[in-house]
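Residues per chain are reported as follows:
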Amino acid sequence: SAVISQKPSRDICQRGTSLTIQCQVDSQVTMMFWYRQQPGQSLTLIATANQGSEATYESGFVIDKFPISRPNLTFSTLTVSNMSPEDSSIYLCSVQLSSYNEQFFGPGTRLTVL
Amino acid sequence: AQSVTQLGSHVSVSEGALVLLRCNYSSSVPPYLFWYVQYPNQGLQLLLKYTSAATLVKGINGFEAEFKKSETSFHLTKPSAHMSDAAEYFCAVSESVTSYDKVIFGPGTSLSVIP
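As given, the protein sequences belong to chains R and D, one line each in that order.
The letter at position 31 of the first sequence is residue 31 when you use the numbering used here, and the numbering goes up by one with no holes.
The letter at position 11 of the second sequence is residue 125 when you use the numbering used here, and the numbering goes up by one with no holes.
A few of these clues could be false.
[Claimed, not checked] Computed list of lysine to any residue pairs in SDA-like fashion (alpha-carbon distance at most 25 Å, straight line):
| # | chain 1 | residue 1 | chain 2 | residue 2 |
| --- | --- | --- | --- | --- |
| 1 | R | K7 | D | E202 |
| 2 | D | K216 | R | Q6 |
| 3 | R | K7 | D | P154 |
| 4 | D | K182 | D | P154 |
| 5 | D | K216 | R | V113 |
| 6 | D | K216 | R | G40 |
| 7 | D | K216 | R | T56 |
| 8 | D | K216 | R | T17 |
| 9 | D | K216 | R | S27 |
| 10 | D | K216 | R | G16 |
| 11 | D | K216 | R | I12 |
| 12 | D | K172 | R | A2 |
| 13 | D | K172 | R | V3 |
| 14 | D | K216 | R | V3 |
| 15 | R | K65 | R | G52 |
| 16 | D | K216 | R | G60 |
| 17 | D | K216 | R | T79 |
| 18 | R | K7 | D | G157 |
| 19 | R | K65 | D | G157 |
| 20 | R | K7 | D | Q156 |
[What the hints assert, rightly or not] Derived DEER-like restraints, expressed as beta-carbon distance ranges:
| # | chain 1 | residue 1 | chain 2 | residue 2 | range |
| --- | --- | --- | --- | --- | --- |
| 21 | D | N175 | R | S88 | 37 to 45 Å |
| 22 | R | S84 | D | G130 | 25 to 33 Å |
| 23 | R | N82 | D | E185 | 24 to 32 Å |
| 24 | D | T119 | R | L97 | 21 to 29 Å |
| 25 | D | T119 | R | S27 | 44 to 52 Å |
| 26 | R | R10 | D | L121 | 31 to 39 Å |
| 27 | R | P85 | D | H196 | 35 to 43 Å |
| 28 | R | P107 | D | M197 | 19 to 27 Å |
None of these hints come from the bench; they were simulated from the model.
For glycine and all other residues, C-beta sits at the position ideal for the given N, C-alpha and C.
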């Protein structure tokens, strides 16, 4: 398994501002994933972050809105840019350790945009 | 693309009763399947996974799931519900992309346990 931490755990932000969420893993991993979980909803994959290359974004998500950094094998950041109330969600990062594709999740960052 | 359906967005059971949470997937090839649990205000925790080794998979906290290819199902069960089982449960399936695999989540089922 992997131990994953996220910062901040929660935040309340004003419309039009940006927030950077950090994800730290206790072991080196190739693939890291960022998800959004809107209130009462399931998880939606935002992008996949591979160390040393550009993140791969899912349909409906763009780099200008959700820029991602992956400077090394244990760390990644997701920025939510120019926020609006519709961005209020829980943002989770996860990692994939084994060839059986199970993912381990961080505790999430609960974002409220006013 | 893969998809996962979970019948019943909310399920209520009495403490000590059988828990049955339904999951169906769409896949033309044998998939990898997962059940995750999310307790209030927490991240997701893996309950169990199917990776083609055995059709009946045992997980943590007394949960198990059976893979039925003919029914494209992977239902989650627990013989006797406990109050601490109240949570959101997500079924998920893996999907291969060109250089990695991603996990597709179902809509989730909220389990309530009545004392």
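Here's how the hints hold up against the structure:
1. R:K7 x D:E202: 23 Å, holds
2. D:K216 x R:Q6: Between K216 of chain D and Q6 of chain R the Cα gap is close to 21 Å, so the pair holds against 25 Å.
3. R:K7 x D:P154: 18 Å, holds
4. D:K182 x D:P154: 30 Å, violated
5. D:K216 x R:V113: Roughly 28 Å separates the two Cα atoms, so the pair is violated.
6. D:K216 x R:G40: 22 Å, holds
7. D:K216 x R:T56: Roughly 11 Å between the alpha carbons, so the hint for K216 of chain D and T56 of chain R holds.
8. D:K216 x R:T17: 30 Å, violated
9. D:K216 x R:S27: It holds: about 20 Å lies between the C-alpha atoms, which stays within 25 Å.
10. D:K216 x R:G16: 31 Å, violated
11. D:K216 x R:I12: 30 Å, violated
12. D:K172 x R:A2: 21 Å, holds
13. D:K172 x R:V3: 23 Å, holds
14. D:K216 x R:V3: 20 Å, holds
15. R:K65 x R:G52: Cα-Cα ~21 Å, so holds.
16. D:K216 x R:G60: At roughly 16 Å apart (the allowed maximum being 25 Å), G60 of chain R and K216 of chain D satisfy the hint.
17. D:K216 x R:T79: Holds: K216 of chain D and T79 of chain R sit about 21 Å apart, inside 25 Å.
18. R:K7 x D:G157: 13 Å, holds
19. R:K65 x D:G157: 23 Å, holds
20. R:K7 x D:Q156: Holds: K7 of chain R and Q156 of chain D sit about 14 Å apart, inside 25 Å.
21. D:N175 x R:S88: 37 to 45 Å: 31 Å, violated
22. R:S84 x D:G130: 25 to 33 Å: 46 Å, violated
23. R:N82 x D:E185: 24 to 32 Å: Violated: the Cβ-Cβ distance is about 46 Å, outside 24 to 32 Å.
24. D:T119 x R:L97: 21 to 29 Å: Holds, at about 27 Å.
25. D:T119 x R:S27: 44 to 52 Å: Between T119 of chain D and S27 of chain R, where Cβ atoms are some 34 Å apart, the hint is violated.
26. R:R10 x D:L121: 31 to 39 Å: 33 Å, holds
27. R:P85 x D:H196: 35 to 43 Å: For P85 of chain R and H196 of chain D the Cβ distance comes to about 38 Å; the hint holds.
28. R:P107 x D:M197: 19 to 27 Å: Distance hint for P107 of chain R, M197 of chain D holds at roughly 22 Å.
The structure does not agree with the numbered hints 4, 5, 8, 10, 11, 21, 22, 23 and 25 stated previously, though it agrees with the rest.
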